[in-house]
Amino acid sequence: MNHPIFRAENVSKAYAGHVAIEDISISVPEGSIFGLLGPNGAGKTTFIRIINQITGPDTGQLWFNGERLEEKHLGLIGYLPEERGLYKKMKVGEQALYLCQLKGLSKKAALERLKYWFEKFGIQAWWNKKVEELSKGMAQKVQFIITVLHEPKLLILDEPFSGFDPINTNLIKSEILELKKKGTTIIFSTHNMGSVEELCDHIALINNSRVILEGEVKEVRSRFRTQTYNIDFEGSMMQLGSSLGTYGELLNHDVEDDHMDATVRLVNGATTNQLLGNIMRTVEVKGFHEVIPSMNDIFIEAVERYNRENVKP
Amino acid sequence: MNKIGLIIQREYLTRVRKKSFIVMTIIGPILMAALMIVPIWMAMNDEDEANILVIDDSFLFNERMTDTENIHFFFPEVGVGLDSAKSQMVASDDFDAVLYIHKNIMSSPSGIQLIYDKQPGINVIRYIENTIENDIEKFKLAKSGINQATIEAAKTNVRLVTTKLDEIGEESKSNTELSMIVGMFSGILIYMFIFLYGVQVMRGVIEEKTSRIIEVIISSVKPFELMMGKIIGIALVGLTQFLLWIVLSTAFISGGKALVEDHFSKGSPTSIEQAMNSTEQLVPEGEEAVSAELNQEAIDEIFASINQIDFPVILFSFLFYFLGGYLIYSALFAAVGSAVDNEADSQQFMLPITAPIIFSFVMAQVVINNPESPMSFWLSMIPFTSPIIMMVRIPFGVPYWELGLSMALLVIGFIGTTWIAGRIYRTGILMYGKKISYKELWKWLRYH
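Chains as they are written, first to last, in my numbering: chain A, 370 to 682; chain B, 226 to 673.
Some clues are possibly wrong.
With a straight-line Cα cutoff of 30 Å, these simulated DSSO-like cross-link-like pairs (lysine-lysine) come out [said to hold, decoys possible]:
1. A:Lys458 with B:Lys328
2. B:Lys244 with A:Lys458
3. A:Lys457 with B:Lys228
4. B:Lys228 with A:Lys458
5. B:Lys244 with A:Lys499
6. A:Lys505 with B:Lys228
7. B:Lys244 with A:Lys505
8. A:Lys498 with B:Lys228
9. B:Lys311 with A:Lys505
10. A:Lys477 with B:Lys660
11. A:Lys522 with B:Lys228
12. B:Lys228 with A:Lys549
13. B:Lys243 with A:Lys498
14. B:Lys447 with A:Lys498
15. B:Lys447 with A:Lys458
Hints were generated in silico from the structure; no laboratory data involved.
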């Protein structure tokens with residue numbers, strides 16, 4: 370694992386009687402895409418605002434690239450908030466220039482890079498338009514450019530795909546991967562678990578102000594394996610059912626055009642080989658693979674389990 | 226350029242380039258000029274022709290009603306009655322009104338009638354009233370044996386020369402009226418500036434909040450920097466506008482005056498100064514010279530006291546209180562803007578801010594009549610009222626220590642309100658969809 374570009378240690382924050390986040394510790398490896406997940410109101414936004422130094426933590430420490438997080442690091446961080454917004458009455462180009470200069474870019478550098486990105490996205494014609502003349506998607510594109518223009522080392526994207534059509538979603542997705550290739554670390558907050566599986570290397574799941582699940586995506590997913598397998602076979606479902614014996618339990622089955630499909634969970638500590646040995650005698654096995662839980666399932670499972678165990682009704 | 230400089234630049238440029246700013250900058254002086262020129266114009270233009278048929282049953286006024294340029298009196302043959310005069314007026318275009326003076330005018334001066342088919346101007350009516358009044362007075366005086374010369378000799382005109390004696394023993398002539406005008410005018414300007422531009426600060430904050438750009442900006446700069454940048458930027462907009470107003474107003478007024486003067490010098494020998502003082506024209510002949518002389522004296526006196534008023538101090542204080550008053554209030558306006566989601570919700574928090582401004586404006590009228598009273602002193606010390614009240618007092622002369630103390634308190638007040646406003650602001654700008662109470666604001670103040 371690369372050394373962490375950003376680290377939070379035991380960070381807590383409360384607002385007058387209401388705990389927003391409690392004892393959060395995460396470590397974001399350099400060059401990775403880090404998924405910050407959690408149900409609505411879990412405390413993600415508060416945590417993101419703390420990283421951006423919009424608010425300060427009550428307790429805990431924050432580190433950026435081995436140093437204590439300070440104001441000077443703001444220029445190295447890029448932030449795309451979930452609630453997008455630009456000055457409606459201001460012209461696109463002027464506004465982009467202003468916001469990039471606020472991030473510390475010189476006017477000249479900002480102008481050069483804006484030109485490059487506007488060309489890349491084919492939106493030069495928007496330069497002198499007011500933001501209120503743009504559609505929502507167009508404005509979001511502009512805002513994405515503004516967010517990445519100062520080439521931040523750490524990029525925080527809160528629901529970056531919301532409001533985009535599938536074509537633009539793909540465009541942004543490939544830009545994100547491109548940035549990652551160039552070494553940018555990305556903290557990616559979303560409710561879209563499909564894109565987490567697709568993009569993220571690491572995740573942290575925040576629920577009820579705390580981190581309840583953290584780790585590499587692959588590792589987390591395997592942690593949630595349930596010994597469940599999918600079997601493709603030819604033969605009758607009856608035969609399969611009887612051949613499972615004490616090794617497995619049939620969860621689900623389906624009849625496809627020319628073959629059968631069953632989902633089976635191993636029981637009583639049986640191995641896949643024991644199970645396969647049994648069923649191969651009765652049916653013709655065409656395919657056999659483990660069912661790895663989706664991030665969506667994991668999200669729901671983890672949150673519900675936590676709430677069952679910790680939250681008093 | 227540092228970040229706060231960038232913010233000031235943006236706030237300034239986006240506002241100055243707005244159409245509404247340009248329109249206001251041009252319309253303001255035009256209105257101002259119109260306010261000065263139009264009454265003069267009206268006064269000169271208003272003297273429409275009036276031909277009046279006089280039926281005098283008392284036989285006192287025959288040929289005594291002197292015509293002016295626009296008002297002409299006609300006396301019909303003896304024996305023409307009121308009714309025939311009326312029908313004559315209605316039938317022909319030659320007469321606009323019939324003036325009927327009844328027989329017993331000396332004993333009961335009321336009941337003189339003016340019957341018209343075309344509404345005569347107020348000047349016409351006043352002229353007739355004045356003439357008849359004067360004449361009746363003269364008749365009465367003559368009856369009791371006092372002649373005209375005695376009356377003229379008895380006429381006296383008193384004008385006080387007020388002189389301020391300060392501690393060092395230096396005398397300076399002051400003109401109370403002029404001080405009042407200068408004081409009130411500066412007070413009004415400051416009042417306007419606080420309101421106009423304070424509300425702009427609030428709108429700007431609400432705009433950033435509702436458009437949600439705020440979160441992007443404060444991930445680059447500190448909320449306090451953004452607030453101060455906005456306040457300073459808008460202050461510069463205000464200064465620019467006032468400067469342009471002064472320049473343009475002066476240009477328009479002198480231009481307009483020249484135009485009016487030019488227009489009238491062709492038609493009549495009446496000069497503008499006479500037209501401005503419309504009562505002057507109504508004063509019957511003999512007294513005109515006297516009053517003109519008095520006016521000349523008064524004007525000389527005004528010029529003398531203009532020289533006495535300490536303009537460098539006034540100008541410096543004006544700029545100081547102009548900015549200080551704006552700054553102390555605009556920070557509060559910013560705090561209000563941050564606490565609400567839209568302008569309609571801002572009403573409940575506006576009252577505590579607007580109340581002291583309006584209060585000082587109302588008190589200014591009291592202070593101006595008694596600029597040295599203890600109340601005037603205290604109101605000119607309290608930072609929330611001092612910008613307007615002190616400005617009203619200064620033309621009357623204020624000891625330097627009072628001025629210094631008031632200014633120092635204003636600076637302290639500004640730092641205090643800005644500190645408080647900053648704390649409310651940085652929490653408020655990130656709060657959405659919550660009905661905010663004063664209790665809530667108090668909580669925000671105590672967040673760290």
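Outcome of the hint check:
{"no.": "1", "hint": "A:Lys458 with B:Lys328", "verdict": "violated, 77 Å"}
{"no.": "2", "hint": "B:Lys244 with A:Lys458", "verdict": "holds, 12 Å"}
{"no.": "3", "hint": "A:Lys457 with B:Lys228", "verdict": "holds, 21 Å"}
{"no.": "4", "hint": "B:Lys228 with A:Lys458", "verdict": "holds, 21 Å"}
{"no.": "5", "hint": "B:Lys244 with A:Lys499", "verdict": "holds, 15 Å"}
{"no.": "6", "hint": "A:Lys505 with B:Lys228", "verdict": "holds, 28 Å"}
{"no.": "7", "hint": "B:Lys244 with A:Lys505", "verdict": "holds, 26 Å"}
{"no.": "8", "hint": "A:Lys498 with B:Lys228", "verdict": "holds, 25 Å"}
{"no.": "9", "hint": "B:Lys311 with A:Lys505", "verdict": "violated, 78 Å"}
{"no.": "10", "hint": "A:Lys477 with B:Lys660", "verdict": "violated, 44 Å"}
{"no.": "11", "hint": "A:Lys522 with B:Lys228", "verdict": "holds, 21 Å"}
{"no.": "12", "hint": "B:Lys228 with A:Lys549", "verdict": "holds, 29 Å"}
{"no.": "13", "hint": "B:Lys243 with A:Lys498", "verdict": "holds, 15 Å"}
{"no.": "14", "hint": "B:Lys447 with A:Lys498", "verdict": "holds, 29 Å"}
{"no.": "15", "hint": "B:Lys447 with A:Lys458", "verdict": "holds, 23 Å"}
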